[in-house]
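Residues per chain, in single letters:
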Amino acid sequence: MDALTGESNIVYDARGLVEPNADVPKVSSIDGEKAEFDAQNLTTRQINLELRWLINEQGITDVTVKNPGAKHSLGVGLLTRCKITFDGSLGYFGCGIIDGPEVHVKGRVGWSACENMMSGCVVVEGNAGSLTGAAMRGGDLIVKGRLGARTGIDQKGGTILTMGSVGSMTGFMMQRGRQVICEDAGHGLGDSMYDGVIYVGGKVKSLGIDCVPGEWTDADTEFIDRKFRIYELGTPPTFQKFVCGKKLYNYDNLEASERKLVL
Amino acid sequence: MPGPTTDATRAEITVCGIAGIIYKDGHHNVGQDMTRMLQSMKHRGPDSTGYALYAPPTENVVLRYTTANTTTPRDYEFQDRLKRNRAEAERRILGLGAKIVSCAQETDYAFRLTLDYTGELKTLADQIEDISDCEVLSLGHSLEIIKDLGDAETVCAQYGLEQFQGTHAIGHVRMATESDVDISGAHPYWAYPFSDIAVVHNGQLTNYFQWRRRLERNGHRFNSECDSEIIAVYLAEKMSEGLSLEEAMHESLDELDGVFTYICVTADALGVAKDEMAAKPLVLFEGENMIALASEEMAIRAIIDHEIDTYDPYEKEVLVWTR
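So the sequence lines, in the order shown, correspond to chains C and Z.
Okay, so the first sequence: first residue is 1 according to the working numbering, each after it adds one.
Okay, so the second sequence: first residue is 1 according to the working numbering, each after it adds one.
The following block holds chain Z by itself, in its conformation from the complex (with noise of 0.2 angstroms):
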């Protein structure tokens, strides 16, 4: 009789997952094919999944955001709550001079805006974030940060993924050790202010705290407590600065202490950074139509029907891919 099982059970067999994948000959269905993938290592972190996914760049804004959080008291109000949080960020985006082009909801908390909106990303996230319990997940012209709890087949049909068509995409399984189960503790993370550019990581930082220090004097909010956020904000602050996306991660490798993997996607690119240990996984195959990566081969398997080549990247080493 199957019973329960507590995280420090399951820490002792699982760990999580990460997965990108980049394509060389223009979109394809990139929803299934990610979502393929983070099944398949759904041992890996069963607590929550997932996506970055890019899309064809559009002239137009298109904003994920959240209106609750799993840690939002499910009270009488709480439909209310929902629904006054989403007016009042509407009113709000109309308010910077925004005009809300589409606006999908995908769960009673999550919503998809695309806005044709010119000002500043960060004050845009700024204003819907200073509402109570709201996130934004995602900014750009072509990222969509998709994540909520359950594995990937739960999270893709909660969001119909399954027909994304898109360029290059990176996901992540979450098994929690150190921050909650919830939408923020998620990855992918969005590099907030910065426009489409995000992470997933495998493993801790040991000096996230004096990390986050720095990043919170230059301006920039954290919406959780996991280490991996701050990746995807220090490499976009370094691009901001005038580094490539592939010096920005080489210097990472000197600057962010820990056992890590992860890897960082931008508009038209994607790459992968191993600490100096190699003490985080990463598989990876390189085709003539794609580059595939995740922590286990299963995961690339999944989307490739004939046998394939693949290799481990050595400790410190940065490999980028550009579309």
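Here chain C stands alone, though its shape is the one from the complex (with noise of 0.2 angstroms):
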């Protein structure tokens, strides 16, 4: 009757976490600079571990990690210029928090990419899930397939393109930053977004609340064709331009001190 008055066999630690072991395992071949590991049979704290060490103590440079598997997590917190390969795809959650690396996914990545990424560049081969890119501050985030709903929510800064479609409410609240969107956009683009600029090529289901058409300049033009050569995406789309339209712009830059003393 176990079954029936017992819970689950699963062991967790008293902050609720899985895998308390914290032992960088140490498999990556080493050849100067370079390192490669086989990631199909490690959890992904191993996984990290093994990446922290082998670039913060190791001084490698270039890292390739095999058979990521999906897993959650993977290549977060990294804070310094590095090239990163993972053969295969990510689950969620992936390179979260980066300021520096230059990431190459083969494969897809799941929900919420590159969450707060601070700088460097992500190239995903595949599609992308939901929330890709929320709240990221700078650098580039290429997605060569498609991305899901919400995209770059609460964007701060850098850039999001897309050679693919996004789902409904990407752009949400966006604050600055821009996002090159190649195929069609979802419903309710750009709503309730700040600042910055949305480029679609595509159709757009809908626009979100004060998110209007923008004026395009050969600023724009320069910057997307730059995007393009940068990262060798052949010829670009026509695009159509998407800003806030200031209606609902409600804040200024000031602090509340500040702005005591100003009004």
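Simulated from the structure, these hints should not be mistaken for laboratory data.
Do not take every clue at face value.
[Claimed, not checked] Far from chain C by the CB rule (all over 12 angstroms, computed), these chain Z residues:
{"#": "1", "residue": "His43"}
{"#": "2", "residue": "Thr58"}
{"#": "3", "residue": "Glu88"}
{"#": "4", "residue": "Val101"}
{"#": "5", "residue": "Thr118"}
{"#": "6", "residue": "Ser195"}
{"#": "7", "residue": "Asn218"}
{"#": "8", "residue": "Gly287"}
{"#": "9", "residue": "Ser295"}
{"#": "10", "residue": "Glu307"}
{"#": "11", "residue": "Thr310"}
{"#": "12", "residue": "Thr322"}
[Unchecked claim] Which bits of chain C does chain Z cover? Going by a derived footprint, with three or more residues having C-beta under 8 angstroms, they are:
{"#": "13", "region": "65 to 73"}
{"#": "14", "region": "108 to 116"}
{"#": "15", "region": "121 to 133"}
{"#": "16", "region": "136 to 149"}
{"#": "17", "region": "190 to 204"}
Glycine residues also receive a C-beta, built at the ideal position from the N, C-alpha and C atoms.
Please dock the two separately framed chains into a single complex, following the hints provided.
Following this line, the structure appears as structure tokens:
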């Protein structure tokens, strides 16, 4: 009767974590400044420990991770310039809070990839899930497939470029930065955005509140051409430009104490 | 030193997980495949695990039922009650003119019967569920619902699902948030009293009580307090009115409120629907010989050993595959 009376066999530590082992596996093959390891039988925590050990302690600048297996939270919190290749797909929260790395994902990424990314670039060969680039602050995120809903929600900087389409509420509450969408966009594009620019190459199902068409300038052409050239993406399609209508624009960049002085 | 945690602690890191698989080329070891998929998402829901497995259809009716739940008191009379409930259930089945072709007892409280029965499934289900603590998990010519507490490997071993041959299946790992941790609260849900229809769901329905009252007025019963249970009955009722599975699922996107992704299966089809906010995840793989979908890609990769291309369906999307 254990199944009826017991709970489950999962062991959690006091904080609810299931991977309390903090030992670096040290399984990489190292060749000069390059390293490679197979992640198939490693946990998320072990993979990230191995990455940090290689980059921060062994001076490695180029790491290839084989068989990432769509595990979650891989490659997060890397704060140095280095090159990382994931030879496969990532699960949720991949490459979050990174500052500097150049990441190449040969498969796809799940939800919330590159959340809070600060600088560097991430190139994804496949598709990406929802919430990609959420609260992103800087750097380039290039997705060669399609993106899910709420892409770049709360984006604060940087560039998100997809060769495919995006889901609903893309650019929701976007505050700065650019999004380049080569195909279609779902409902509520740029809803409640404060600032920033969204370029769409295909159809837009509907614009969100306070998102309006913007005036095209030479700077827009130069920006898009430059990104397509850097990442070898071919000839860009014709884009429509969308910006904040600023009807809801209800904040300035003054701190509360500064505002008191000014007003 | 590992210590106990509460649901609230785990709620920060886990939520329910759903999975589905349909083969295009006959039947496969679907019990084993679904176990691998669900076990890889164990972190999304450690409370209970459930399967809706579809074997090749038979002339007989397959009945899965339980004679106790986790809430049944474990007093001195518990074992006697289990025996009494089983005997009474079998007496009522025979009383309806059904012939018991085979009977397998899989746990102290869970049974699988094959019946030679041509009467109303509703009558059969109602007769069994009229017995205290008894619940019909599934009825049909192909569908078999198995659900219990624990992770997928535990439930698979307990019910001997490793060798289950079938054509398609759905599964669920549950983290209980709003209703009890028991077998009634576990998914999948059979679409009582409709044959061979089941649903798994990740999300919340905010007009659950309205729909429950409407469906109860139409004569349907609900065994749990779980909002997911109404989806199965809702869809089955729509289909009984003449809609196709796909049409019924499209209607559900307008009539069911909340955030949800659900998978519905019938004897020959599997469909998935996402709400208009696409707030709950689902990753989809469409291969040459199979369609596999799950809350997380790692579940799909648990049964496919080569590199694959997957994507997330968009908001308000309904996709149906027929065998």
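Name the hints, by number, that the structure is in violation of. 1, 9, 10, 11 and 17
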